[in-house]
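Peer 1: Below, each chain spelled out in residue letters.
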Amino acid sequence: MCFKNLPIAFDDEGNAYLKEGLKDPYEHKVVDLGEEQEVLKGLLERNGFIRNIDYDPVTRVAGALAFHSVVDLEKKKVLSTNSMATLFRGYEVILKGRDPRDAAYISSRACGVCGGVHATTAALAIEMALDIKPPPLGIVMRNILLAIEYLYDHPLHLFLLAGPDYSEELVRETNPELIDKAAETKAKNKDVHGYDTVLDIMKDLNPLKGKLYLEALSMTRVAREAYVLIGGKYPHPQSVVPGGLSVTVTASVLNEVYSRLIKFFDYSQKVTGIWDDVFDFFLESNPEYAKCGIRPATMMDTGVWDRPDHYDASFANCDKWGEARWSTPGVLVDGEVVTTKLTELNAGIEEFVEHSYYEKWDGHRFKEDANGMPLSPNHPWNKETIPKPGKQSWKDRYSWDTAPTWDRMPMEAGAYTRMYMTAKAQKAPASKFLENTGTSMKIKVPKHFLPEKTLEWKIPEHWNAFERNRARAYCIPYSAMVAMENWLLAMDLIKNGETKVSVPYEIPKKGTHIGFGAWGAGRGFLTHHLIVENGVIENYQIITPSTLNAAPRTPWGEMGPYEEAVLNTPILEKFDKPEDYKGIDILRAIRSFDPCMPCTTHIMAKDSDHMVTREVTTCACGVE
Amino acid sequence: MTQSLANHFQGPIPNVFDEVHAFWIAGGSCDGCSIATVGATSPSVENLLNGTIPGAAKVILHHPVLAVNAGEAFIEPFRLAAKGELGAPFVVLCEGSIMDESLAAETGGYWSGLGADEDENGDPQPIPSSSWVTRMSVHAAAVIAVGTCATWGGVPAAANNPTNAASVMDLLGEDYRSILGLPVVNIPGCAPQGDNITETIAAVLLFLNGLAPLPEFDELGRPQWLFDETVHRGCTRAGFYEEGTFAEEHGDKECLVEIGCWGPVVQCNINKRGAINNAGGCMNVGAPCIGCTMPGFPDSFAPFYKTPPGTMVSSNISRVTGTVIRNLREMSMGNLNRTTKWDKDGHVPSGWGHVKEPNLVKKVVKYAYQKMQFSDSPKPGSK
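Chains as they are written, first to last, in this note's numbering: chain A, 1 to 624; chain B, 1001 to 1383.
Since the hints were derived computationally from the structure, they do not count as laboratory data.
One should not assume that every hint holds.
Listed below are the simulated SDA-like cross-link pairs for lysine to any residue, each with C-alpha atoms no more than 25 angstroms apart in a straight line [said to hold, decoys possible]:
hint : chain 1 : residue 1 : chain 2 : residue 2
1    : A       : K76       : A       : E579
2    : A       : K96       : B       : E1120
3    : A       : K395      : B       : E1120
4    : A       : K577      : B       : E1076
5    : A       : K76       : B       : E1072
6    : A       : K395      : B       : A1203
7    : B       : K1253     : A       : W487
8    : A       : K76       : B       : L1086
9    : A       : K209      : B       : N1050
10   : A       : K391      : B       : P1303
11   : B       : K1272     : A       : E27
12   : A       : K388      : B       : E1076
13   : A       : K388      : B       : T1052
14   : A       : K96       : B       : K1341
15   : A       : K77       : B       : D1123
16   : A       : K577      : B       : E1072
17   : A       : K360      : B       : A1105
18   : A       : K96       : A       : K76
19   : A       : K500      : B       : E1120
20   : A       : K582      : B       : K1253
21   : B       : K1344     : B       : T1323
22   : A       : K211      : B       : L1360
23   : A       : K582      : B       : K1306
24   : A       : K209      : B       : E1199
25   : B       : K1306     : A       : T512
26   : B       : K1341     : B       : M1312
27   : A       : K391      : B       : K1306
28   : A       : K510      : B       : E1076
29   : B       : K1058     : A       : S218
30   : A       : K391      : B       : P1124
31   : B       : K1306     : A       : K209
32   : A       : K391      : B       : Q1125
33   : A       : K96       : A       : K395
34   : A       : K209      : B       : Q1125
35   : A       : K133      : B       : E1254
Heads up, incomplete: computed chain B residues facing chain A, CB under 7 angstroms, no partners named [as the list claims (entries may be wrong)]:
hint : residue
36   : I1035
37   : G1234
38   : A1238
39   : V1285
40   : F1374
Ideal placement from N, C-alpha and C gives every residue a C-beta, glycine not left out.
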């Protein structure tokens, strides 16, 4: 019984049905944000130390993100937050009326950071809708490609985007008291990274000049070299097709990929060692840092990396092939697994546009899925994208992002969710390199120059900015070992003469065909929902990880993950005058999600009329 | 320009401009061009930004993805540059399509925002990205459109798009000239090969310091030396086309035109240059070209991976001629896979397989062939 808020119940045989006796089963409460704004306005007028802190743009994130907060600089407390996606391009609208074959290449362009993931997710959606099953080598090569994508993506975020916030250069400006302390703190992992003190590490995190910054840049290129050997180019790989890949897999391709992949073995040890040292230092120096960006571990993930002997693209079997993935799909509520089934993950999704620049849509065409599980009128298969640009107003509409929920709860997504779910659920396949203990993931990294080592990522007690980034660092060895495991499988397939990488398929000229693709981006959860009508795309809906994370408030006033994480963030920065305040803590909280805005806003969400019973606090303006 | 600057040169490598500011404005973009730039190796971004290319000015980059500052601290130099008050030379790099903001303004909003101004109530309202391009272009040393969205309109400008998206050239018009007298420079690609971006920037910087001639651009403002040739001409599979053999499905090793490759009519250098550090390249790995560098992308190439009609004529002609050529070549190759000694011995001593000795016809052909080959030059060992 995974749903607490949506009107979906299950009979004794586990079949879902719509709860009876509800006048409007999908009704929800609607909260007026105007009152909160009036209170804040009063506070801002009366108190000089309560200030609007606006970032437009939030930098060192991909894409267009702006963030508004009201901060009490005396009590060092954030009072109110608003997250704004500031770009709309209309990809979902552009996709309507096209040949389904175009979806992979058009939707790839939704995001230049993780275009390959969009292409793959589109391919999966088409495969489900049109019943196309890729051959084993196609599935395995896709896994390698998309594991390598993360090997470029995570170092980029850790060292180029988030990293500077922990560098000597920035910390000296915002928290000089930490510099002396860092100079005295011995680095625990010197044996893998070679740095004596935490300050030595922080100096090499300095933007553009630091050795760790520059090394990460060059490692992102090593990963991309491996990537383009399969994908052709990056971003926007050219070889991802429904039914597999358009790649000639020669021995040379696999050899060249391998010679690059192994460079990530030692790098995995180094990166995890670096960030363990830096984050442990911050958390031990001031335990208040544990509250930076804190929110409950309420997250969801699509899972990623299909098993060649399980994946058949079908909706009928998607719970089975989903749970067989190397990363387990599902939902965590406050750190507990509530489902690992793709059908339940899918049915629980809704999107709301009350505080976004879109109009509501009408209609509720798909009332249930193929198994009879009820679908809300706000479900992506029922949603339509109707942009309506408007004035930015905290009371009303303020973002091009929508507010997606699962079972009426805002959900967080991240690379780390992938690892968290998998470690906790313990459903992933037996592996030469990975072991899931229920409280941790153990990752055996083979020797390269450094000796073999088993790294262990433990599910943390508090879900905060530091733990997000730390987990992302551990996702590097996780992804590298999944790539390794699949590389070995690819070799086995080739030894057995199974060299097909794709299957041909036809676009049916008649009938309605629906599907969804579920695959993880560098930042986690990604779905594409597709309806093909008489051979043409009738509707296309994309929900990205940053759609979830950057969400504005739900109609019932619940904050999106960035908004909530920043609201909970204590102001630990040192400053003399309010004018000197830089907001490093807020920015650390936001950047820990690895925001990636380009593809956040092509979906569109829906309006309201539904019910939500949970009470939520939207704002801390009870103070004063 | 080059001459007058030449008088200022001192030392072995001239540096008239020590620093040039570069403002990166991402409008209706996916950030893919930024990502492509970060992947470049020849030169790399860290070379450009650290000023480690002798003779090229150090680039002070104002880029939202790489900036240390956020919010207004980041935007302030944009404001100065837009007013012509930066006090230093700058170029504007545009990524992403230009949305029709007048359309969004009809309902009081915007499509693409960067930075914010206060409205009459003192509330922040996003500033449309395109307004930065318009205002800054007036004072810019050069405006460089990066990627197919900025150069031609790209996917956001595809049929059915709700934003009326177009290119930087469409926004600024054909009469636009930067203060160096340049129209908009266009580096297309979705995303462009990263080195195409950094190399063009470096070429302009070297020109500014008088080291290099003004780079040549074609009639659409593309760096001529990068986009002169079709991608097919540099394709590792082009030889299969010549011999009339074609891939029938994804994964096959031959020429890809019959499974949807538009390479023979697309101007791009990715097969020659590789995608990253000389690795990859679409058709090299087996992926058909969908024309992402071209103004017609995406609509003129859709549906992707359907056989382009043009190939019906051209590939069938090449099937006919190619079959003849291929057979002749195979015969020559048979001869070339033999050493002089093996010819003399009449036997190939390979343990890997039995190599048949040429029959009389092949021997005659080889004799005739070599007669021609050495007709006016000595055959090795003739003395």
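Peer 1: Are the hints correct? Go through all of them and say.
Peer 2: Each hint tested on the structure:
1. A:K76 x A:E579: holds (14 angstroms)
2. A:K96 x B:E1120: Status violated; Cα separation ~39 angstroms.
3. A:K395 x B:E1120: Measuring from Cα to Cα gives roughly 16 angstroms; hence the hint holds.
4. A:K577 x B:E1076: holds (21 angstroms)
5. A:K76 x B:E1072: With a Cα-Cα distance of about 21 angstroms, the restraint between K76 of chain A and E1072 of chain B holds, given a limit of 25 angstroms.
6. A:K395 x B:A1203: violated (50 angstroms)
7. B:K1253 x A:W487: holds (21 angstroms)
8. A:K76 x B:L1086: violated (36 angstroms)
9. A:K209 x B:N1050: holds (8 angstroms)
10. A:K391 x B:P1303: Given pair K391 of chain A, P1303 of chain B is violated - Cα atoms ~37 angstroms apart, limit 25 angstroms.
11. B:K1272 x A:E27: Violated - the C-alpha atoms of E27 of chain A and K1272 of chain B are around 58 angstroms apart, more than 25 angstroms.
12. A:K388 x B:E1076: Violated, at roughly 30 angstroms.
13. A:K388 x B:T1052: violated (47 angstroms)
14. A:K96 x B:K1341: violated (67 angstroms)
15. A:K77 x B:D1123: Holds: K77 of chain A and D1123 of chain B sit about 22 angstroms apart, inside 25 angstroms.
16. A:K577 x B:E1072: Since the Cα atoms of K577 of chain A and E1072 of chain B sit roughly 18 angstroms apart, the hinted pair holds (cutoff 25 angstroms).
17. A:K360 x B:A1105: holds (20 angstroms)
18. A:K96 x A:K76: Violated, at roughly 48 angstroms.
19. A:K500 x B:E1120: Roughly 63 angstroms separates the two Cα atoms, so the pair is violated.
20. A:K582 x B:K1253: Not satisfied, since the Cα-Cα distance of roughly 56 angstroms exceeds 25 angstroms.
21. B:K1344 x B:T1323: Between K1344 of chain B and T1323 of chain B the Cα gap is close to 32 angstroms, so the pair fails against 25 angstroms, i.e. violated.
22. A:K211 x B:L1360: Distance of about 68 angstroms is beyond 25 angstroms: violated.
23. A:K582 x B:K1306: violated (54 angstroms)
24. A:K209 x B:E1199: holds (22 angstroms)
25. B:K1306 x A:T512: Distance of about 22 angstroms is within 25 angstroms: holds.
26. B:K1341 x B:M1312: Cα-Cα ~47 angstroms, so violated.
27. A:K391 x B:K1306: violated (43 angstroms)
28. A:K510 x B:E1076: Violated. K510 of chain A to E1076 of chain B sits at ~56 angstroms, over the 25 angstroms cutoff.
29. B:K1058 x A:S218: holds (20 angstroms)
30. A:K391 x B:P1124: holds (10 angstroms)
31. B:K1306 x A:K209: violated (48 angstroms)
32. A:K391 x B:Q1125: Holds, at about 7 angstroms.
33. A:K96 x A:K395: violated (32 angstroms)
34. A:K209 x B:Q1125: violated (35 angstroms)
35. A:K133 x B:E1254: The given pair, whose Cα atoms are some 24 angstroms apart, holds under the 25 angstroms limit.
36. I1035: At about 5 angstroms, which falls below the 7 angstroms cut-off, the nearest Cβ of chain A leaves the hint on I1035 of chain B intact, so it holds.
37. G1234: violated (14 angstroms)
38. A1238: Since the shortest Cβ distance to chain A is 15 angstroms, the answer is violated.
39. V1285: V1285 of chain B check passes; min Cβ-Cβ to chain A is 5 angstroms, inside 7 angstroms.
40. F1374: Violated, about 37 angstroms.
Hints 2, 6, 8, 10, 11, 12, 13, 14, 18, 19, 20, 21, 22, 23, 26, 27, 28, 31, 33, 34, 37, 38, 40 from the list above are not met by this structure, while the remaining hints are.
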